[in-house]
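Participant: Chain by chain, the residues run as shown.
There are 4 protein chains.
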Amino acid sequence: MSDSQTSVAELKQLVQEFVEARRWREFHTPKNLATSILIEGAELCEHFQWLTPEQSLELAGQVDASSPIAEELADIFSYVLATANALEVDLSEALRRKMLKNAIKYPLPDWSLGWSSPSARSPAASVPKQA
Amino acid sequence: MSDSQTSVAELKQLVQEFVEARRWREFHTPKNLATSILIEGAELCEHFQWLTPEQSLELAGQVDASSPIAEELADIFSYVLATANALEVDLSEALRRKMLKNAIKYPLPDWSLGWSSPSARSPAASVPKQA
Amino acid sequence: MSDSQTSVAELKQLVQEFVEARRWREFHTPKNLATSILIEGAELCEHFQWLTPEQSLELAGQVDASSPIAEELADIFSYVLATANALEVDLSEALRRKMLKNAIKYPLPDWSLGWSSPSARSPAASVPKQA
Amino acid sequence: MSDSQTSVAELKQLVQEFVEARRWREFHTPKNLATSILIEGAELCEHFQWLTPEQSLELAGQVDASSPIAEELADIFSYVLATANALEVDLSEALRRKMLKNAIKYPLPDWSLGWSSPSARSPAASVPKQA
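Protein chains in written order, with the numbering used here: chain F, 48 to 178; chain P, 48 to 178; chain C, 48 to 178; chain Z, 48 to 178.
Looking at chain F on its own, in the form it has when it is part of the complex:
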């Protein structure tokens, strides 16, 4: 029942049934759900609020699926799925299309082709300005 054996549609369905059974649909407007993603996102941020970047990195591999941090991530994910349900968006298709657009916006640097020059790796150049 892990990520490799679970389709996005199965998880959308899980969230959908939970919401329907509780008759929460009237509360699940796109406007409320988008704000809920932010509210849960802030709870995840709280875990890292005063950590250095390095301290936050040390958490990798120590976060099992029922830890508080994984629970916050699950909460955010559940609202992403609920928003996709409410707006009838195919997440996999939306993600693939956006990644294609990102790939054009952030073309592969020379080094990924094996012949980068050191000057191409200046710190400034590698700071992503993602959107």
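A couple of the hints might just be wrong.
Where chains are identical, the list cannot tell them apart; a pair therefore holds if satisfied intra-copy or between any two copies.
Straight-line C-alpha distance at most 20 angstroms; calculated SDA-like pairs for lysine to any residue [to be verified]:
| hint | residue 1 | residue 2 |
| --- | --- | --- |
| 1 | Lys59 | Phe74 |
| 2 | Lys152 | Ala107 |
| 3 | Lys148 | Glu101 |
| 4 | Lys152 | Glu101 |
| 5 | Lys148 | Ala112 |
| 6 | Lys59 | Ala112 |
| 7 | Lys59 | Glu140 |
| 8 | Lys59 | Trp71 |
| 9 | Lys145 | Ala56 |
| 10 | Lys59 | Arg143 |
| 11 | Lys152 | Glu67 |
| 12 | Lys145 | His94 |
| 13 | Lys59 | Arg69 |
| 14 | Lys152 | Ser103 |
| 15 | Lys152 | Leu106 |
In short, the hints are calculated from the structure, not lab data.
We have chain F already, so just place chains P, C and Z on it with the hints.
Facilitator: Coordinates of chains P, C and Z only, in the frame set by chain F:
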């Protein structure tokens, strides 16, 4: 290539390869990624900022996978996947565990069993206090 | 000791001394403080998460200075002041300059001059698109 | 017209008049305003998204009142003031009360009294867990 044919692991892999190829890993600390979920979440919220709940509902079914709203949702999703990658969290397992916990916290109301009394459906009682 | 008798500088000073006395300055990087505004902002949002706009309006005049909602607002404000301290920004000047810019971006509608035509008040036209 | 010469009430008034003149009051529900604080907060965060804490610190003293970063801070501040207006909250009083509560929650460490022992300054102990 839709949600029903795509595993969560495939999308994690897609994001992982994108990040690795651009050598963005050093920027992808859990702390930075959690804040990035918030930044993208706020961009989604902006689309609904001054809409009434009803106006936001009217968008359902009108948001195709390459529309600006679907792109914002894809951006949030990509950072959820990147955070799961950075923290080595199985999202499907984390979500299922959290939903089980939610099911205990928000037990099914009487009406879902087919014999609810009208008094059980008071608006106050049905306002979800989710976490 | 109310808003009419308190300068912005006094409140900046109050926050500054609190931070210095606890030697929190090293944690108060602009990056951490900006995220903290978001974290506290999300806690304020939580109070309104499942309310209708109308229900949220009914709270006006019922929120005294020590209620949970006022406390969340105070938390956000304290981080705004801390960020201004860390970045050495004069908030009053920054606000006045931004409001002047906003006044150009959102010119006064006809009706404010007393001779508006009904057509100028179409709902679409009055939806603010603020930035 | 700087922070030392400006009362909080003057800035509340400035925002109030701007909103009234544009008839935006109907949009300025506490629910919408709280979300707007988050939206503007996220735009401030974007400036620091991929910076190290140290890089964000280097911005201190370089942010004049009309720079993009000061404008984002002004935007957040304007929504804090608008929320206080909508909810009829005295911000100075709310802030002072909350700071008193924080002072109890985070008592002054020994070192601030001049006789701290080195062991009292362990990094872990000084990580603020603010709320």
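Participant: Now, for every hint given, state plainly whether the structure supports it.
Facilitator: We went through each hint and held it up to the structure:
no.	hint	verdict
1	Lys59 x Phe74	within (17 angstroms within a copy, 30 angstroms between copies)
2	Lys152 x Ala107	neither (29 angstroms within a copy, 29 angstroms between copies)
3	Lys148 x Glu101	neither (31 angstroms within a copy, 31 angstroms between copies)
4	Lys152 x Glu101	neither (28 angstroms within a copy, 28 angstroms between copies)
5	Lys148 x Ala112	between (32 angstroms within a copy, 13 angstroms between copies)
6	Lys59 x Ala112	both (19 angstroms within a copy, 16 angstroms between copies)
7	Lys59 x Glu140	both (14 angstroms within a copy, 14 angstroms between copies)
8	Lys59 x Trp71	within (15 angstroms within a copy, 30 angstroms between copies)
9	Lys145 x Ala56	both (19 angstroms within a copy, 18 angstroms between copies)
10	Lys59 x Arg143	both (17 angstroms within a copy, 11 angstroms between copies)
11	Lys152 x Glu67	between (40 angstroms within a copy, 16 angstroms between copies)
12	Lys145 x His94	between (29 angstroms within a copy, 18 angstroms between copies)
13	Lys59 x Arg69	within (16 angstroms within a copy, 31 angstroms between copies)
14	Lys152 x Ser103	neither (28 angstroms within a copy, 25 angstroms between copies)
15	Lys152 x Leu106	neither (31 angstroms within a copy, 27 angstroms between copies)
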